[in-house]
Structures are given as C-alpha cells and as structure tokens.
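So the sequence lines, in the order shown, correspond to chains D and Y. Positions 1 to 165 (our numbering) are the ones given, in order, by the first sequence. Positions 166 to 871 (our numbering) are the ones given, in order, by the second sequence.
Source of the hints: derived by calculation from the structure; they are not laboratory data. Be aware that a few hints might be false.
Residues from chain Y shown here face chain D by an in silico Cβ test under 8 Å; the list is partial [to be verified]:
no.: 1; residue: D485
no.: 2; residue: V840
no.: 3; residue: L842
If you want the ones that stay clear, here's a sample from chain D, every Cβ over 12 Å from chain Y, calculated [claimed, not checked]:
no.: 4; residue: G14
no.: 5; residue: G15
no.: 6; residue: K16
no.: 7; residue: G24
no.: 8; residue: V34
no.: 9; residue: E36
no.: 10; residue: I37
no.: 11; residue: T94
no.: 12; residue: D101
no.: 13; residue: T108
no.: 14; residue: G112
no.: 15; residue: E115
no.: 16; residue: P117
no.: 17; residue: D144
Rough simulated footprint, nothing fancy, chain Y against chain D, three-plus residues with beta-carbon under 8 Å [unchecked claim]:
no.: 18; stretch: 40-52
no.: 19; stretch: 59-68
Here a beta-carbon is modelled for each residue, glycine too, at the ideal position from N, C-alpha and C.
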Amino acid sequence: MTNPTATATQANLGGKYLTFVLAGEEYGIQILSVHEILGMMPATRIPRTPDHIRGVINLRGKVIPVLDLRLRFGMPAIEATETSCIIVVQVHGTQMGLVVDQVSEVTTIQHGDIEPPPSFGADVPTDFILGIGKAAGRVRLLLDIDRVLSTDEVDAVTTAAADVG
Amino acid sequence: MPETTLDVLALQLMQLDPADNAGVSEFVAGVRSFIAARGGTTGSPSLLNLSDTADLLDLVAAAQRGVLLADAGRYIEQAMGGDAAPAPEAPPVDSDTLPPDTDVDLLRDFIAESRDILTGAEAALLELESNPSDTEAVNTVFRAFHTIKGTAAFLGLSGLSHFAHHAESVLSLVRDKEIPYNSRCADLSLRSADMLKAFLDAVEAAIGGGRLVPPDGADVLTVELDGAAAGEIFEEALVETTSVEIDMTAVASVPYTGDPAADAQTAAENASAMMEAMASAVASVAAGVAREQPTGPVKAKHEAELSVRVRTDRLDRLIDMVGELVIAQSMIAGDSGVSQLKNQTLARKITHAGKIVRDLQDLSMSMRMVPLKGTFQKLTRLVRDLAQKSGKSVEFMTNGDDTEIDRNMVDAIADPLVHMVRNSLDHGLEPRDERSSHGKRPQGTLKLSAFHQGGHVVVELKDDGRGLNREKIIAKAIAKGLIESEKGMSDGDVWQLIFAPGFSTADKITDVSGRGVGMDVVRRNVEQIRGRIDVASEKGSGTTITLRLPLTLAITDGMLVRVGEERYIVPTINIQLSFRPTAESLYTVTGRGEMVLLRESAIPIVRLHRLFGIAGAAERADEALLMLVGDGERQCAVLVDELLGQYQVVAKSLGRGLGTVPGVSGGAILGDGRVGLILDVAQIIQLGRTAGNDDVTPVNDRRSVA
Numbered sequence: 001m002t003n004p005t006a007t008a009t010q011a012n013l014g015g016k017y018l019t020f021v022l023a024g025e026e027y028g029i030q031i032l033s034v035h036e037i038l039g040m041m042p043a044t045r046i047p048r049t050p051d052h053i054r055g056v057i058n059l060r061g062k063v064i065p066v067l068d069l070r071l072r073f074g075m076p077a078i079e080a081t082e083t084s085c086i087i088v089v090q091v092h093g094t095q096m097g098l099v100v101d102q103v104s105e106v107t108t109i110q111h112g113d114i115e116p117p118p119s120f121g122a123d124v125p126t127d128f129i130l131g132i133g134k135a136a137g138r139v140r141l142l143l144d145i146d147r148v149l150s151t152d153e154v155d156a157v158t159t160a161a162a163d164v165g
Numbered sequence: 166m167p168e169t170t171l172d173v174l175a176l177q178l179m180q181l182d183p184a185d186n187a188g189v190s191e192f193v194a195g196v197r198s199f200i201a202a203r204g205g206t207t208g209s210p211s212l213l214n215l216s217d218t219a220d221l222l223d224l225v226a227a228a229q230r231g232v233l234l235a236d237a238g239r240y241i242e243q244a245m246g247g248d249a250a251p252a253p254e255a256p257p258v259d260s261d262t263l264p265p266d267t268d269v270d271l272l273r274d275f276i277a278e279s280r281d282i283l284t285g286a287e288a289a290l291l292e293l294e295s296n297p298s299d300t301e302a303v304n305t306v307f308r309a310f311h312t313i314k315g316t317a318a319f320l321g322l323s324g325l326s327h328f329a330h331h332a333e334s335v336l337s338l339v340r341d342k343e344i345p346y347n348s349r350c351a352d353l354s355l356r357s358a359d360m361l362k363a364f365l366d367a368v369e370a371a372i373g374g375g376r377l378v379p380p381d382g383a384d385v386l387t388v389e390l391d392g393a394a395a396g397e398i399f400e401e402a403l404v405e406t407t408s409v410e411i412d413m414t415a416v417a418s419v420p421y422t423g424d425p426a427a428d429a430q431t432a433a434e435n436a437s438a439m440m441e442a443m444a445s446a447v448a449s450v451a452a453g454v455a456r457e458q459p460t461g462p463v464k465a466k467h468e469a470e471l472s473v474r475v476r477t478d479r480l481d482r483l484i485d486m487v488g489e490l491v492i493a494q495s496m497i498a499g500d501s502g503v504s505q506l507k508n509q510t511l512a513r514k515i516t517h518a519g520k521i522v523r524d525l526q527d528l529s530m531s532m533r534m535v536p537l538k539g540t541f542q543k544l545t546r547l548v549r550d551l552a553q554k555s556g557k558s559v560e561f562m563t564n565g566d567d568t569e570i571d572r573n574m575v576d577a578i579a580d581p582l583v584h585m586v587r588n589s590l591d592h593g594l595e596p597r598d599e600r601s602s603h604g605k606r607p608q609g610t611l612k613l614s615a616f617h618q619g620g621h622v623v624v625e626l627k628d629d630g631r632g633l634n635r636e637k638i639i640a641k642a643i644a645k646g647l648i649e650s651e652k653g654m655s656d657g658d659v660w661q662l663i664f665a666p667g668f669s670t671a672d673k674i675t676d677v678s679g680r681g682v683g684m685d686v687v688r689r690n691v692e693q694i695r696g697r698i699d700v701a702s703e704k705g706s707g708t709t710i711t712l713r714l715p716l717t718l719a720i721t722d723g724m725l726v727r728v729g730e731e732r733y734i735v736p737t738i739n740i741q742l743s744f745r746p747t748a749e750s751l752y753t754v755t756g757r758g759e760m761v762l763l764r765e766s767a768i769p770i771v772r773l774h775r776l777f778g779i780a781g782a783a784e785r786a787d788e789a790l791l792m793l794v795g796d797g798e799r800q801c802a803v804l805v806d807e808l809l810g811q812y813q814v815v816a817k818s819l820g821r822g823l824g825t826v827p828g829v830s831g832g833a834i835l836g837d838g839r840v841g842l843i844l845d846v847a848q849i850i851q852l853g854r855t856a857g858n859d860d861v862t863p864v865n866d867r868r869s870v871a
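Put together the whole structure using the sequences plus the hints.
Laid out in structure tokens, this is it:
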C-alpha cells in the first residue's frame, strides 16, 4: 500500500476497459468515458499552448481539442502511422480527443485483478494511474482520465493567460 | 337528453360549424352540464380551461369562434387524458416552500410559458390604452390571468393562484360589461401583470429548494384589486368620464360688501360663469361618450400560433449538423470522381441534393430568429411609465416590429434600447410649455423603427425634441478634459463625445437619467455584439440614434488569412485595410519594436508568426502583407503572408477542455471541414505590446513536463 489516495478509490475499479498501445506499453481507460474512436485527421494547431496539445478538430460540427498522449506522458513523438487513431473521451460533459498509437480491444478486468499503482519515486509521475490491471497474462496501466485531461491543461492555460495579463 | 360525457362533447365539437349559433349554444350547454354533473372543475386545469372557453364562446362573434373551438377540443382531449377524474380534496399547501412533490421540469415549463402569456397580455393591455373598447384584448388578458391561475393551482402554488384570481376578477367584470375599462383598471391590470412576473421570479428562485417568498406589495395590490372589483372602479369611472371642475363655491362665496346692488352683480357674474362651465362640461361629456363608442368592428387578431418549445442546445446542435451536411455535400460535389463523371443523371442528382441542403441551411438558421416585437413592446410600456413620471406627453410609434433577429441579439440589445429611450425622453423631448413656446406640437413624438439594410438589422430611435446642443457638449468635453478645443470638429465628431464614459450634459440628475452612465454603456454593449451606433441631430428638431446590428451573433464575417502553413480568420469588423509596405516605410525603434509609417502615423507591427511560433512564414514585411486592425481604441499592423478571401463563418468555442486561449476568440469550421481559428484582435494587440514582439518565447518551444 504505497499510495493511500489510490487505495481509497480502489473499491469499484472493476469493469470494461478500452485498451490501447502507446510506445509498446498497454493502457486502458474505462469504457464509460469513451465516446467514439476516430481515424487520424489533421488538427489545427493552437498557438501558445503546450506541445502535447495537438490542436482542435472538427467532430461533426463541434470543435474539440486533441491531446497527444505520447507527449502528455513525456514519450518521444512519432509520425502518425496507419494504426494511429483518436479516442474521443467525454468527461463531465467535455469532449476531448486523445491520439494513441493503436487501439487494441475492449476487455473486462475484474476488481480482484487490479493492483494499486506502484511508486517509482518522484521522477516518474504516477498520479494519473488508477491501478494496474492484470488479465490474461498481460499488464495494463489503467488511466485516471480526469487527471490526464485536467491538471496540466489548467496550468498551461493559466500560464498563457498570465502572459497576456 | 343522454348523459353528457367527454366523448359526446368531442363528437359534438367535431360536427360543429362555428357559424351555427344554435349548435354552439348546445355545445356550451353540454360543457356546463358535464362540469356541473362532475361537481365543478376543482383539480382539473383542463376542465377549468374548458369552462372558460365555453364562457367565451357564448360571448364572441361567429368569426372568432374557430380558435376557441380548437382550444375546446384540446382541453377535452386533455381532460380525457385523465385529469378530469372526480375532484380530489386539495391538499393543504404550505405557501412558504414549494410543494415537496413538485416536478421541477413541469415548474420550469410553467414559468417559461407563463412569461410568454404575460408578454401577450401586456401587449393586449397596451392595445387597450388606445382602444378601450377592444373586447378581444380584454379576453386575451383575462385568459392569460386565468390560465396562470389554473396551472398555478394545479402545481400547488397557492399564493400565485390566489393573486391571479384577484387580478382576474376585475377583468371579468370588464368582460361582462359591468364596469368600463378605464385608466384605473388599466393601471391595476398592468401592475397585476408585473406582480405575476414577480411571483414567477420568486417561484423560479425557490426551485433550488429555497423559500417561496411572495413579492413585496402583493398584499397591497390584492386589497386594491378587491376594492376595484367591489365597485370602486365603477364609481371612479363615472366621475372620471363626467367630472368637470365647476367651482360651486363661486356662488356661495360672494363676499358681502354691504352694497346689495354690487353683491347681486357679483353673484350674477359668478352664476353666469358657472353656467358656462356647466355647458362646456355637458359638451365634454357628450364628446367623451362619443369617443367611447366602438370604432368599427374589433379586429380579430387572435391567431392560433402553433409552436413547439425546443431546447436551444438541441437547436444549436441541429444547426451544427446542417453545417456539416453542407460541407459533406460540397465535398461530394467537388470530388474529382464526380467531376469526371460521364453519367449526367448522377451529376444532376448531386446538384439537386445540394440545393436541398442549402435550403435546409437557410431554414435552420432562420429557426434561431425571433421578431423584435417583444422588445418593442417592453419599450412601449417603458415610454408609458416614464411619460407619466416626467409629466410629458409622448406619442410612441413603432415600425417594423416583425423584423427578425437572432434570439441572443434580442437580449443583447434590450438594455441599450432602454437607455436610449430614457435619454430621448428625459433629455431629448422638451416639456409641454417649452415645446409650445417653440411652436411645436405639445405632444412629443418618439419613433422606433427596425428594418433590414445591406445584411444588417437597423434599429432607429427618432425623437422630435430639442436636439443635441453642440456648444454645451463641447464646453462639457473641454471641462472634462476630453478635448482641448472644438477646432476642426465636425458635428459628427462632437456627437461622438456623448459616448465618452461619464459624460452627461444634463443640468440636473433626474430619476430617469442624467447620471452620466448610459450612452457609454450603450456603445459598449452595441460594440460587444459587433454592432455600430450613429447619432444624427439637428438643433431644435430632434435626434436620431441608429443601431446597425449583424443579423446573428453566430455568424462572423471574416477574412481568411494565411501565415506560414496556418490559416486564421480575422473578423472583418476589426480590419481597416491591408497593404504591402515599401521598404522605406518600415523602421525599428531601439532596434526592437517594428513600426510602419502609414499616412504620417507610426503603427506598431505584430509578427503573427513569431507571436504564435509558426514556421515557414514570410520574414520580410515588404514581401508579405500588413493588415491594419483595430479594436476601436488601439490599432496595429499584423504581418500575414496572404489573404485567402472573405468568408462567413459560424463561430464556436474551442471546447471547455482548453479554457481561453490568448489571441484566439474561437474556432470555425472552414469549407474543407477543418477548423480555422478566429483571432481576437484586441488580445493580439495586447500580446504584441507586452511581449515586445521580438523576445516572445512561444510556449510551444518549451518542453512540457509530464
């Protein structure tokens, strides 16, 4: 029990997850927050925002922001491949796209198969990891999508706004 | 006669011809006997409405029955739907809170609907001002109060329902011709309408679980209404229509001087004066009676408006989808596979689909449009109240209130218009005496008109008052330090001064206006919705204020520009001109800030590609274009590579996930389906200044920490 806050929220983590690949690692997000999956499309870059914000795309008449999850997690950027796609997630009514290398499958992970996130020390941030799912002999990092979307974006925007101030 | 049931009534109604007097009477009798058999209308709003409709059917002319019969049909249907079950005992309701089992959605619908109904009622009341014998208008108001009463009772809002009952009872006397419609009655009814609105506000405020506080003054008004219903209005009406001030004391107060002859003479003189006064009184009463005769047949303007309430977010979504459809369609039509097609029929079908899609787009945009009628109506009411308060006599004319404008704009122009009307009434129009001494009609006129002109909606407020006073404005502006002298200022320049913050030439502050806040707020509000305000004035003959507004807030007129590989939309309203600078006109200040010399003024240059960190853009200003942009106060020249053309785009937010992005006001879907960013010129100017333009470190160069 290294992370008490995560332990507190362990109770109902079991359920269906959409899993995807990012730089060879497998990740999962709760299926309920996934809205749809789109093929790669060019995004319009937004000036004065952090690198990991790819820009905005047109989702059938709605403008939504797109994040590059590789850059969000500090992994090296790559050119989009054939398997790259955008997972549109919806959290608290806000839609956002996440660029990932490849979508794998939808799988059920039992509560008992989820372990609390490990701690690697201060250098490796794990605060957006809900837990580690082990099913069918594979290990998947289950993401806390709220944290992935919020913390840094809010910071980036407030910093940029302060520049204008 | 068989026992009347709702089915029998419905059948009767279906076969009924509105012109068939006997048939209508029979139907009305049937409704009454049904309600009587059921033991009253308690607990069933639809039956209450039905009963009311039946009452009205008895009263109105054949031509107006159609609508009422349709109403009756609807109420019968509702009653069949089950709410006409034998009247239950009304549960006791604590008036301090909302009933615990209230359906909040139902309550919100009720509030929205009642507000609409009250707006209609207010219009009818104002119509009654000019035509007191309009029975249809009285019916409209009565129906409004009655409907609110019924529904409020159904929802358990006892306070509101009680008040509506009192308000209604006065009007029912008018409707039954027991009392005439006079100014007291008008005043009470208008105040009742206001009070009902206040009640609705109170209910709305209580929805979140708060206390339901009856509005201030409700008790007082209720007592007044009761008094009126009990006959006060009737008496006062008699006095009002026939009263003429005759100084009866004139005869009695003949001073006794001791000289009988002189006393007799004075008494005789007074008596003859009195006779004259009485004669004129009789004449004026006769005139009054003549005026009260109905002037021709009452207009049948109660049209059944069939409408459906739609949530605005759903509507916006529909408009979005249609916009996408247009893009998808143009992609198909523009596809190389289609243009090389040998099959002519397919090409024709695609063109046909394109036409339908464009029609659909026009239609979807028009769904957001509402007429200005409601806004104008509120102003009519305002003018009436203000004129009464200031003791001025004003004729208020409106024109073009069916002009349509975007729903959001309606709210946005309401405040500016109120300010403008107040100003015109208070400062513009002179008091009666002053007008007479200038040889004008004692009654001032205020004319409000709206019309379309060149893709804009123009709203114009024209008064025939004293006009703006050039000398006074200049003196005030100099005193306030706004200008140094009037040298070289045209009238237009001078009039613009009245929009300066805190500017007022009024000598005294009145209740109505003159506090110096007003016109600057008006201009700010109008500019916020990308409109323009102009003043024209002639001393002694009046002032005209013109608002020029875009048709809709959703559509931005913009210039698409290219910077490197990026495209941006600059709102046309911010663009003054674009030009290619010569090398000689460019210079730098202390080696950093770049300026361009244009018409002898130095304008700072903002390099958009540096500010936004865009690669591959033109570096040399004399090989690119400078676009002179301004936000009304400041301006700058933005360096862009190319102008791609003018577009009308639908402005959208970038999504909540991003918050606000400095320099960008939103996004828009371009013709190729991609998103283009709309620049916020005011912020760009600000960014250009604070960033010093040269030492900007684009955030993109910073490695984000994850």
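Minimum C-beta separation from T94/D to chain Y exceeding 12 Å: can you confirm that? violated, 5 Å
Tell me if V840/Y is really an interface residue toward chain D, meaning its C-beta lies closer than 8 Å to one of theirs. Nearest chain D Cβ about 4 Å off; hint holds.
Least C-beta distance between V34/D and chain Y, which was stated to exceed 12 Å: holds, 15 Å
Non-interface claim for G14/D versus chain Y (Cβ beyond 12 Å): holds, 28 Å
Count the residues of the stretch 40-52 of chain D whose CB lies closer than 8 Å to any CB of chain Y, then report whether that count reaches three. holds (count 11)
Grab the minimum C-beta distance from L842/Y to chain D and call the hint holds if it beats 8 Å, violated otherwise. holds, 6 Å
12 Å Cβ clearance of T108/D from chain Y: holds, 29 Å
Closest CB of chain Y to the CB of E36/D still more than 12 Å away: holds, 15 Å
Measuring Cβ to Cβ, find out whether K16/D lies farther than 12 Å from everything in chain Y. holds, 24 Å
Verdict on chain Y covering the stretch 59-68 of chain D, where coverage means 3 or more residues with a C-beta closer than 8 Å: Answer holds; 6 residues pass the 8 Å Cβ test.
Measuring from the C-beta of D485/Y to each C-beta in chain D, is the shortest one below 8 Å? The hint holds - D485/Y has a Cβ within 8 Å of chain D, the shortest such distance being about 3 Å.
Could you let me know if the closest chain Y CB is still more than 12 Å away from the CB of G112/D? holds, 31 Å
Checked against the numbered hints above, the structure violates only hint 11.
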